[in-house]
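Q: Sequence:
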Amino acid sequence: MVYLNISNKTVTFDIAKPVLYYKDILFFAPRLVFITNMHRPAKSLLICLFLTLCNGFSVGCRWMDDHKFIQHSETLMNLLNIMGGEFTTDSVDIPFPEDLYEQAEYLPTDDTIWFILQTLDKIAELFDGELDSVWDEKKVEIFLNVLTSQSDGLQSCVRAQKKNSKNLQMYFKRLNNHVLKRMAYSAHAWELVRKEVRTHLRRLVLLGSATENSI
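Heads up: the sequence shown begins at 13 in my numbering, then just goes up one per residue.
Since the hints were derived computationally from the structure, they do not count as laboratory data. Cβ coordinates follow ideal geometry from the N, Cα and C atoms, glycine included. Among these hints, one or two may not hold up.
To be verified - As a list, the in silico BS3-like pairs of lysine-lysine whose alpha-carbon atoms are at most 25 Å apart:
#1 134 / 185
#2 174 / 151
#3 175 / 150
As the list claims (entries may be wrong) - Derived Cβ-Cβ restraints for the label pairs, each shown as a range:
#4 115 / 157: 27 to 33 Å
#5 172 / 112: 19 to 25 Å
#6 195 / 172: 36 to 42 Å
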């Protein structure tokens, strides 16, 4: 790990995973003038570091670059649609965390991807519950496999471990306790959750598409 102070701003780099996004390039490029005015040893070190980071930028987030995020998202939506019957017209009595998605849109790219990852993990935890005799077991298994593949692909785009959103954790905990557990994991409870997950997948596609364009 390298800590670098440039123009009174301390920046942390994980050299073991040198991924640099477009937003980061916008920050560093103007500072090259500052680097040229430094003493030779320090200047050489910073130039090497900058070139290393730029090399990481050329790799970027391959999962996003190759549009695999969008492809997997579409597959997840299709699998969710055929998992049950028609979506219920009822809704859960828990506010959807729209504010968290809106905040995620303005986070650094790394943090936005982490938010997507956390949401996918929480969805996987939900579907790991008591699903016996509700939906076709094979369809659920395929859905979870694609979900895992999506998470693994996005994980390669994250430079460092992040803190999870406590508000997002609380939302999914309430979804589990106030809907699934309270309704004894009934078929109707799972249909309510399936509808809620569909909303999440739709928002994640929008969030991921915006992130893909910024890389």
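Q: When the structure is checked against the list of hints, which entries are broken? Sort them ascending.
A: 2, 3
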